[in-house]
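Novice: Sequence:
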Amino acid sequence: MKIAVEKGQDKALLPDGQQQVTITHIDEGSSEYKGIPFFAVRFENDEGYVSHRFYQSPAGMPAIISLFDQVGVTAQEGKDLDTKQLVGKELTIEVGERSYTDPESHNERTLKQAVNFLAS
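The opening position of the sequence shown corresponds to residue 2 in this note's numbering, with each subsequent residue numbered one higher.
Quick caveat, the hints were computed from the structure, so don't treat them as lab data. Here the structure is a predicted model, which is why all the values come from computation and not from measurement. Fair warning: there could be bad hints in the mix.
Here are the simulated lysine to any residue pairs, SDA-like style, with alpha carbons at most 25 Å apart [said to hold, decoys possible]:
#	residue 1	residue 2
1	K85	E33
2	K90	E29
3	K113	Q19
4	K113	L15
5	K90	K113
6	K12	M62
7	K85	F40
8	K90	Q19
9	K80	Q19
Work out the full structure, taking the sequences as your base and the hints as a guide.
Specialist: Given below as C-alpha coordinates:
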(Lines of atoms letter the chains of each structure in order from A and count residues from 1; the text may use other names and numbers.)
(Lines give C-alpha, C1' and ligand atoms only; values in the text may rest on other atoms or scores of the structure.)
Protein backbone atom coordinates (compact mmCIF):
# COMPACT_ATOMS: atom_id res chain seq x y z
CA MET A 1 0.00 0.00 0.00
CA LYS A 2 1.25 3.46 -0.89
CA ILE A 3 0.42 6.28 1.48
CA ALA A 4 0.76 9.84 0.22
CA VAL A 5 2.16 12.35 2.68
CA GLU A 6 0.85 15.83 2.04
CA LYS A 7 2.62 19.06 2.96
CA GLY A 8 2.78 19.57 6.72
CA GLN A 9 1.72 16.04 7.64
CA ASP A 10 5.27 15.11 8.60
CA LYS A 11 5.30 17.64 11.47
CA ALA A 12 5.12 16.69 15.15
CA LEU A 13 2.62 18.04 17.66
CA LEU A 14 3.70 21.33 19.21
CA PRO A 15 5.14 21.11 22.72
CA ASP A 16 3.14 22.55 25.62
CA GLY A 17 3.55 26.24 26.32
CA GLN A 18 3.26 29.52 24.42
CA GLN A 19 3.68 29.24 20.67
CA GLN A 20 3.71 31.86 17.91
CA VAL A 21 1.72 30.20 15.11
CA THR A 22 0.03 30.74 11.76
CA ILE A 23 -3.44 29.41 10.95
CA THR A 24 -2.76 27.21 7.94
CA HIS A 25 -5.99 25.28 7.41
CA ILE A 26 -9.67 25.14 8.43
CA ASP A 27 -11.83 21.99 8.29
CA GLU A 28 -15.56 21.95 8.96
CA GLY A 29 -17.68 19.20 10.44
CA SER A 30 -20.11 18.26 13.17
CA SER A 31 -19.53 16.56 16.50
CA GLU A 32 -19.76 12.78 16.55
CA TYR A 33 -21.98 12.73 19.63
CA LYS A 34 -24.53 15.56 19.27
CA GLY A 35 -24.05 16.78 15.70
CA ILE A 36 -22.96 20.27 16.79
CA PRO A 37 -21.28 22.15 13.91
CA PHE A 38 -17.61 22.98 14.38
CA PHE A 39 -14.59 24.22 12.51
CA ALA A 40 -11.15 22.78 13.23
CA VAL A 41 -8.21 25.17 13.03
CA ARG A 42 -4.68 23.98 12.30
CA PHE A 43 -2.15 26.18 14.11
CA GLU A 44 1.37 25.67 12.76
CA ASN A 45 4.95 26.91 13.06
CA ASP A 46 8.40 25.51 12.21
CA GLU A 47 8.36 23.26 15.30
CA GLY A 48 5.05 21.54 14.58
CA TYR A 49 1.29 21.95 14.71
CA VAL A 50 -1.80 21.53 16.86
CA SER A 51 -5.44 21.41 15.80
CA HIS A 52 -8.35 22.77 17.79
CA ARG A 53 -12.10 22.45 17.29
CA PHE A 54 -14.34 25.47 17.80
CA TYR A 55 -17.98 24.44 18.35
CA GLN A 56 -20.76 26.67 17.06
CA SER A 57 -22.90 26.56 20.17
CA PRO A 58 -23.82 29.12 22.85
CA ALA A 59 -21.04 27.73 25.09
CA GLY A 60 -18.51 27.80 22.22
CA MET A 61 -19.18 31.32 20.92
CA PRO A 62 -16.90 33.14 23.42
CA ALA A 63 -13.91 31.08 22.19
CA ILE A 64 -14.87 31.70 18.54
CA ILE A 65 -15.21 35.44 19.10
CA SER A 66 -11.91 35.50 21.02
CA LEU A 67 -10.12 33.70 18.16
CA PHE A 68 -11.40 36.17 15.57
CA ASP A 69 -10.57 39.07 17.90
CA GLN A 70 -6.99 37.85 18.33
CA VAL A 71 -6.41 37.93 14.57
CA GLY A 72 -7.96 41.38 14.16
CA VAL A 73 -11.48 40.49 12.97
CA THR A 74 -14.13 42.12 15.15
CA ALA A 75 -17.41 40.26 15.67
CA GLN A 76 -20.49 42.42 15.18
CA GLU A 77 -24.04 41.50 16.08
CA GLY A 78 -26.05 40.69 12.97
CA LYS A 79 -22.97 40.08 10.78
CA ASP A 80 -21.55 36.63 9.97
CA LEU A 81 -17.96 35.67 10.71
CA ASP A 82 -16.24 33.80 7.87
CA THR A 83 -13.63 31.18 8.80
CA LYS A 84 -11.84 31.92 5.49
CA GLN A 85 -10.72 35.20 7.13
CA LEU A 86 -8.61 33.17 9.58
CA VAL A 87 -6.30 31.37 7.14
CA GLY A 88 -2.84 32.92 7.05
CA LYS A 89 -3.33 34.92 10.27
CA GLU A 90 -0.66 34.83 12.99
CA LEU A 91 -1.24 34.77 16.74
CA THR A 92 0.16 33.47 19.99
CA ILE A 93 -1.53 30.47 21.57
CA GLU A 94 -0.96 28.39 24.66
CA VAL A 95 -0.68 24.67 23.88
CA GLY A 96 -1.81 22.24 26.56
CA GLU A 97 -3.73 19.06 27.24
CA ARG A 98 -7.37 18.59 28.18
CA SER A 99 -8.95 15.40 29.45
CA TYR A 100 -12.62 14.49 29.17
CA THR A 101 -14.89 11.46 29.39
CA ASP A 102 -15.98 10.12 26.01
CA PRO A 103 -19.83 10.13 26.08
CA GLU A 104 -20.13 6.86 24.13
CA SER A 105 -17.37 4.69 25.60
CA HIS A 106 -17.19 6.46 29.00
CA ASN A 107 -13.40 6.18 28.72
CA GLU A 108 -11.19 9.13 29.58
CA ARG A 109 -9.52 10.76 26.58
CA THR A 110 -6.79 13.38 26.50
CA LEU A 111 -6.36 15.89 23.69
CA LYS A 112 -3.51 18.27 22.96
CA GLN A 113 -5.08 21.58 21.98
CA ALA A 114 -4.71 25.33 21.81
CA VAL A 115 -5.97 27.33 24.78
CA ASN A 116 -5.91 30.92 26.06
CA PHE A 117 -5.57 32.84 22.80
CA LEU A 118 -3.27 35.83 23.18
CA ALA A 119 -2.76 38.85 20.97
CA SER A 120 0.45 38.73 18.92
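Novice: Hint by hint, say whether it matches the structure.
Specialist: Right, here's what the structure says about each hint:
| no. | hint | in the structure |
| --- | --- | --- |
| 1 | K85 x E33 | holds, 23 Å |
| 2 | K90 x E29 | holds, 18 Å |
| 3 | K113 x Q19 | holds, 13 Å |
| 4 | K113 x L15 | holds, 9 Å |
| 5 | K90 x K113 | holds, 21 Å |
| 6 | K12 x M62 | violated, 30 Å |
| 7 | K85 x F40 | holds, 11 Å |
| 8 | K90 x Q19 | holds, 17 Å |
| 9 | K80 x Q19 | violated, 31 Å |
Of the numbered hints given earlier, the model fails hints 6, 9; all others are met.
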